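Chains as they are written, first to last, in my numbering: chain A, 6 to 155; chain C, 25 to 225.
Calculated from the structure, these hints are not laboratory results. Be careful, since some hints might not be right.
[As the list claims (entries may be wrong)] In silico BS3-like cross-links for lysine-lysine, where the CA-CA straight-line distance does not exceed 27 Å: (1) C/Lys144 / A/Lys98; (2) C/Lys116 / A/Lys144; (3) A/Lys98 / C/Lys190; (4) C/Lys144 / C/Lys89; (5) C/Lys79 / A/Lys131; (6) C/Lys116 / C/Lys74; (7) C/Lys89 / A/Lys92; (8) A/Lys72 / C/Lys135; (9) C/Lys74 / A/Lys92; (10) A/Lys92 / C/Lys156; (11) C/Lys190 / A/Lys92; (12) C/Lys135 / C/Lys190; (13) A/Lys98 / C/Lys135; (14) C/Lys89 / A/Lys98; (15) C/Lys156 / A/Lys144; (16) A/Lys144 / C/Lys190; (17) A/Lys131 / C/Lys116; (18) A/Lys98 / C/Lys79; (19) A/Lys87 / A/Lys144; (20) C/Lys156 / C/Lys116; (21) C/Lys79 / C/Lys189.
[To be verified] Partial list, computed: chain A residues near chain C (C-beta under 10 Å): (22) Val49; (23) Cys140; (24) Pro143.
[To be verified] Beta-carbon label-pair distances, calculated as ranges: (25) A/Lys98 / C/Glu112: 18 to 26 Å; (26) A/Lys98 / C/Lys135: 48 to 56 Å; (27) A/Gly29 / C/Asp155: 27 to 35 Å.
All values derive from a computational prediction rather than experimental measurement. All C-beta atoms in this analysis are idealised placements derived from N, C-alpha and C, irrespective of residue type, glycine included.
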Amino acid sequence: MAKAPVLLFATILAAQISPTLTVGNVPTVHAAKGSTAVVTLHAVLPPGFHANSNTPSDAYLIPLSLKWTGGPLEAGEIVYPKAANEKYSFSDKPLSVVTGEFTITTKFKVPANSTQGPASENGVVKYQACNDRMCFAPKTVNVSVTIAIQ
Amino acid sequence: MNQLRSNFRWLAVAAVAGLLGVVACTPNRPARQAVKDDLQRKRASDFALKDAGGKVVHLADYKGKVVLLDFWATWCEPCGIELPWFIEFERKYKDRGFEVLGVSMDDDGWKVISPFVNAKKINYRVLLGDDKTGDEYGGIEALPTTFVIDRAGRIASVHVGLAGKKDFENAIEQLLDAPHGEAPHGESPSAALRDNSRRSD
């Protein structure tokens with residue numbers, strides 16, 4: 006019987022701890038000179054939490070974003086996950102959010118005159134998560150990928 | 025098939041017995057207290073935070089008043105649900121010695137807070153929070169986090185996450201109706217947050 010309050014306490018406590026977006030390591034991407042390298046980040050939010058999509062429902066909300074901050078290649082189009090419109094108890098209207106597992110894809114242009122060999126690209130994913138009762142401060146996750154230019 | 029039926033019957037009996045057991049073992053829950061008992065309240069840390077006009081505001085400036093101290097942010101949707109309640113409370117209770125103080129935890133500061141405050145017609149004082157103040161109030165991991173502070177500057181209740189309007193109203197009215205008294209020395213609000221953070225659950 007004593008386990009129930011402990012479990013309840015643990016559950017409540019877990020719900021109040023800021024969730025962390027996990028972004029998996031990206032294997033080396035191979036691309037030929039003059040082509041496009043497609044880099045896909047696989048991200049996971051813990052169950053019970055959501056983050057605003059890259060196009061949030063309200064101007065005040067902080068969007069999911071990926072910014073490539075360093076590396077020899079130019080980042081082109083970034084494709085964000087398809088947003089879900091979900092209704093929460095704290096909002097009058099559905100919110101544009103992402104939940105669970107999702108991907109963010111970036112297309113890097115590999116110029117024809119690129120130097121052959123590995124190109125390291127570094128970026129930052131920014132997100133702001135909430136559950137159905139509270140929100141947590143925006144956070145960032147550093148990401149890096151190696152593009153092997155052939 | 026008979027075996028299956030028998031198993032099912034046992035499962036049903038066990039489920040009912042379990043349910044009855046839980047009900048029997050659950051103590052009668054007393055009505056939830058709106059505020060902590062007088063002697064259990066911890067002193068709220070004083071702070072020095074600036075308002076939109078650049079004026080430094082201390083919590084100590086509000087001694088003798090009941091204060092609803094709301095940590096919030098413009099990007100926090102659940103905070104937006106509570107704002108109209110707090111606007112109403114400010115109007116309804118101000119003459120009885122009550123104030124709402126909103127502490128915004130927006131990293132981008134007044135350039136995002138001021139338009140929001142104007143758009144939402146917030147009628148109470150809003151201050152720009154910082155990590156130091158957040159730490160003094162238990163770390164403020166989640167927003168909204170709201171403290172209801174008595175006239176002696178002690179934390180009477182804490183709500184982490186979206187709370188009920190009635191919970192706030194009950195706390196405010198109870199504190200406004202209480203006789204004025206001097207505060208004993210208490211512990212830090214961090215301890216109060218640990219003790220109280222389940223109050224809104």
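Hint by hint, here is what the structure shows:
Annotation: proposed proximity of C/Lys144 to A/Lys98 holds, straight-line Cα distance about 17 Å (limit 27 Å). A threshold of 27 Å between alpha carbons decides the hint, and for C/Lys116 with A/Lys144 the separation of about 38 Å lies outside it, so the pair is violated. For a cut-off of 27 Å, the pair hint linking A/Lys98 to C/Lys190 stands: about 23 Å separates their Cα positions. Distance restraint check for C/Lys144 and C/Lys89: the Cα-Cα separation of roughly 25 Å lies within the 27 Å cut-off, and the hinted pair is therefore satisfied.
Note on C/Lys79 and A/Lys131: the hinted pairing is violated, with a Cα-Cα distance of about 33 Å set against a maximum of 27 Å. For the suggested pair C/Lys116 and C/Lys74, the alpha carbons sit about 25 Å apart, so the restraint of at most 27 Å is met. The straight-line distance between the Cα atoms of C/Lys89 and A/Lys92 is roughly 38 Å, outside the 27 Å bound, and the hint therefore fails. Distance hint between A/Lys72 and C/Lys135 is fulfilled; the C-alpha atoms sit about 23 Å from each other, no more than 27 Å.
Under the criterion of a C-alpha separation no larger than 27 Å, the hint pairing C/Lys74 with A/Lys92 is inconsistent with the structure, at around 36 Å. With a CA separation close to 34 Å, the supplied pair A/Lys92 and C/Lys156 exceeds the 27 Å bound. Straight-line distance between C-alpha atoms of C/Lys190 and A/Lys92 comes to about 23 Å, which keeps the hinted pair within the 27 Å bound. About 33 Å separates the Cα atoms of C/Lys135 and C/Lys190, which puts this hinted pair outside 27 Å; it is violated.
Straight-line distance between C-alpha atoms of A/Lys98 and C/Lys135 comes to about 26 Å, which keeps the hinted pair within the 27 Å bound. Annotation: proposed proximity of C/Lys89 to A/Lys98 is violated, straight-line Cα distance about 36 Å (limit 27 Å). Distance hint between C/Lys156 and A/Lys144 is fulfilled; the C-alpha atoms sit about 18 Å from each other, no more than 27 Å. A hinted pair counts as satisfied when its Cα atoms are at most 27 Å apart, and A/Lys144 with C/Lys190 does not qualify at roughly 33 Å.
Between A/Lys131 and C/Lys116, the direct Cα distance comes to roughly 40 Å. Violation of the 27 Å bound is thereby established for this hinted pair. For the hint linking A/Lys98 to C/Lys79, the alpha-carbon distance of about 37 Å lies beyond 27 Å, and the restraint is violated. Restraint check: the Cα-Cα separation between A/Lys87 and A/Lys144 comes to about 21 Å, which is no more than 27 Å; the hinted pair holds. Only pairs whose Cα atoms come within 27 Å are accepted, and C/Lys156 paired with C/Lys116 is rejected, the gap being roughly 32 Å.
For the suggested pair C/Lys79 and C/Lys189, the alpha carbons sit about 30 Å apart, so the restraint of at most 27 Å is broken. Interface hint status for A/Val49: violated, as the beta-carbon distance to the closest one in chain C is roughly 20 Å, over 10 Å. At its closest, the beta carbon of A/Cys140 sits 4 Å from a beta carbon of chain C; the interface hint therefore holds under the 10 Å criterion. A least Cβ separation of about 7 Å between A/Pro143 and chain C falls short of the 10 Å threshold, and the interface hint therefore holds.
Checked against the hint of 18 to 26 Å, the C-beta distance between A/Lys98 and C/Glu112 comes to roughly 22 Å, which is consistent with it. Separation of A/Lys98 from C/Lys135 is about 26 Å and departs from the stated range, judged on CB atoms against 48 to 56 Å. Take A/Gly29 and C/Asp155: their Cβ atoms lie about 30 Å apart, and the range 27 to 35 Å holds.
Taken one by one, the earlier hints fail for this structure at numbers 2, 5, 7, 9, 10, 12, 14, 16, 17, 18, 20, 21, 22, 26, listed in ascending order.
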